[in-house]
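Sequences listed follow chains A and B, in order.
Residue 1 is where the first sequence starts when you use this note's numbering, and the numbers rise one by one after that.
Residue 235 is where the second sequence starts when you use this note's numbering, and the numbers rise one by one after that.
Because the hints were derived from the structure by calculation, they are not lab data.
All residues carry an ideal CB built from backbone N, CA and C; glycine is no exception.
It is possible that some hints are incorrect.
What the hints assert, rightly or not - Okay, the calculated beta carbon distance ranges per label pair: (1) A:P90 with B:G380: 22 to 30 Å; (2) B:G389 with A:A193: 53 to 61 Å; (3) B:G380 with A:I43: 51 to 59 Å.
To be verified - Counterexamples of contact, computed for chain A against chain B with all Cβ distances above 10 Å: (4) Q31; (5) I51; (6) A88; (7) L137; (8) P141; (9) I192; (10) L214; (11) A229.
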Amino acid sequence: MNEFSSAIGAALSMILTLDADLVEIVQLSMQVSLSAVAIASVIALPLGALIALQDFPGRRAVVILLNALMGLPPVVVGLLVYLMLSRAGPLGPMGLLFTPAAMVIAQSIIVLPIIAALSRQTIADLHEEYDEHLRSLGCTPLQSVATLLWDGRFRLLTAIMAGFGRAIAEVGAVIIVGGNIQHATRVMTTTIALETSKGNLALALGLGLILVTLALGVNATALVISDAARRRYG
Amino acid sequence: MVDEAPMTVDRRPARPEISHDHPLLPLVARGLQFGINGRKIIKDMSFWIGSSGRTVILGPNGAGKSVMLRLCHGLLKPTGGEIRWGDLPVAEAREQQAMAAQHPVLLRRTVTGNLLHVLRVKNVPRDERHALVDAALQQAGLAHLGGRAARTLSGGQQQRLAIARAFVLRPAVLLLDEPTANLDPAAVRGVEELIGAIGAAGTKILMTTHDISQARRLAADVMFLNDGCLLEHAPAAEFFASPKHPAAARFLAGELLD
């Protein structure tokens with residue numbers, strides 16, 4: 001118990017004094033996860049809209065696949081990205097393995113189905129509601145998509161934040177493709193795993209506290225945004 | 235119940251070849267049919283509407299009124315027959331029409347935002363938009379609510395907004411599907427006054443209702459539908475004074491129809 005209390009105390013002290021190692025790790029974690037979410041969003045939002053609005057053979061199967069991929073095991077993604085980026089892999093010459101870029105790629109792949117599936121559902125629901133009105137107005141497909149994206153913006157933002165929550169808390173893939181190299185690819189989750197195994201509980205707990213705060217913050221922000229949007233726009 | 239459509243009792247003067255006072259009239263439907271999953275909802279219906287003013291499609295629930303309105307607006311494709319507005323097919327005529335549904339689909343935006351969306355879609359120049367919005371809101375009695383979220387308005391206000399949004403570009407034809415269903419009497423009055431003002435400004439109004447009193451108040455001519463068939467089409471005064479079709483007489487007497 002004493003050991004636990006002193007570890008908590010040390011962790012809080014590291015946070016309050018903005019310990020250099022801790023700050024570096026948090027910064028890299030944020031950079032990697034925000035980049036991954038941005039890249040995934042650029043692909044996933046139009047993909048979700050396309051699947052929601054375009055009728056094509058096998059659409060139902062694609063929706064089922066997309067929903068299933070939301071539970072994609074990160075270690076499998078890590079392994080596949082590792083194989084692609086390793087020296088013998090097709091993208092080996094790019095020299096990305098064990099760099100933050102490799103971690104961004106892995107997290108993007110994990111997050112993409114989450115954002116695509118949630119945005120597909122949002123846009124499909126709105127489309128069902130708005131379809132007759134938009135056709136009556138004579139909207140072009142582009143105008144329809146723009147209307148749906150704008151009116152669904154708060155729910156889409158929630159989907160993006162769900163993706164960020166998944167990315168920042170992910171450990172399996174980034175440890176495989178990043179290698180957990182100090183001052184290079186060490187992020188919060190991989191550091192917690194390493195430092196705990198080494199018995200350095202202060203840093204692990206400090207990062208754990210920040211991670212939990214971030215997770216709570218993301219969820220609280222998503223809730224506040226969706227509540228405010230419901231009150232403001234119905 | 236037979237699938238063949240009975241003859242329509244048409245008590246109006248002969249159809250004019252062309253309307254000189256309206257770009258989309260006469261509306262002519264020939265052998266119009268619509269079915270889904272083997273069920274005929276509109277059964278071989280032929281009619282014409284030649285005059286401007288308010289045409290009310292009257293009938294009990296399930297008569298096919300809303301489906302007929304959507305066929306006329308091109309939101310549904312007939313399974314048989316054809317409709318023409320003047321010399322235009324439905325798809326082309328829709329450019330000059332607007333529709334407000336029974337349950338108005340308001341965008342998740344402000345009152346003003348809902349109207350601006352229409353103007354943006356129709357590529358109205360930016361500097362003309364606010365004057366059009368102001369005029370439409372003024373006419374609908376919603377000028378003081380421009381900044382409110384559309385979906386937080388009362389039912390009557392939402393319906394008036396939906397009609398104002400449909401009318402903001404002064405369409406040649408306004409189609410209204412049960413515009414006052416589920417509204418309280420005060421809200422009904424507000425919506426009817428708005429419909430009256432729009433009709434008086436020269437817009438052809440084609441609306442559905444199952445409310446006999448409302449049809450009496452608003453209709454210039456009445457199309458009486460039952461079970462997917464147009465049973466009687468007559469000037470309103472004649473229809474309400476002496477309906478010729480037995481089913482219409484029973485409906486006006488408050489009896490349930492088969």
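Check your understanding: Does the no-contact call for I51 (chain A) survive, Cβ to all of chain B over 10 Å?
Key -> 22 Å, holds
Point to revise | Status of I192 (chain A), Cβ more than 10 Å from any chain B Cβ | key: Fine: 41 Å to the nearest Cβ keeps I192 (chain A) off the interface.
Check your understanding: Non-interface claim for Q31 (chain A): all C-beta distances to chain B beyond 10 Å?
Key -> The claim stands: Q31 (chain A) keeps its Cβ more than 10 Å from every Cβ of chain B (closest is about 33 Å).
Practice item. Examine each Cβ of chain B, and state whether all of them lie more than 10 Å from the Cβ of L137 (chain A). Key: Its Cβ does come within 10 Å of chain B, the nearest being 5 Å, so this is violated.
**Study point:** Separation of P141 (chain A) from chain B, once the least beta-carbon distance is taken, above 10 Å
**Key:** 12 Å, holds
Practice item. Take a quick look at A229 (chain A) and tell me if its Cβ sits farther than 10 Å from every Cβ on chain B, holds or violated. Key: With a cut-off of 10 Å, A229 (chain A) comes too close to chain B, as the shortest Cβ separation is near 8 Å.
Practice item. Examine each Cβ of chain B, and state whether all of them lie more than 10 Å from the Cβ of L214 (chain A). Key: 29 Å, holds
**Study point:** 53 to 61 Å as the expected CB spacing between A193 (chain A) and G389 (chain B), which holds or is violated
**Key:** 57 Å, holds
Check your understanding: Taking the beta carbons of P90 (chain A) and G380 (chain B), is their distance inside 22 to 30 Å?
Key -> Hint violated: Cβ distance 58 Å, outside 22 to 30 Å.
Exercise for review: Say whether it holds or is violated: A88 (chain A) keeps its Cβ farther than 10 Å from all Cβ of chain B.
Suggested key: 52 Å, holds
Review point. Taking 51 to 59 Å as the hint, is the beta-carbon distance of G380 (chain B) and I43 (chain A) inside that range?
Key: 38 Å, violated
The structure fails hints 1, 3, 7, 11 (numbered hints given earlier, in ascending order).
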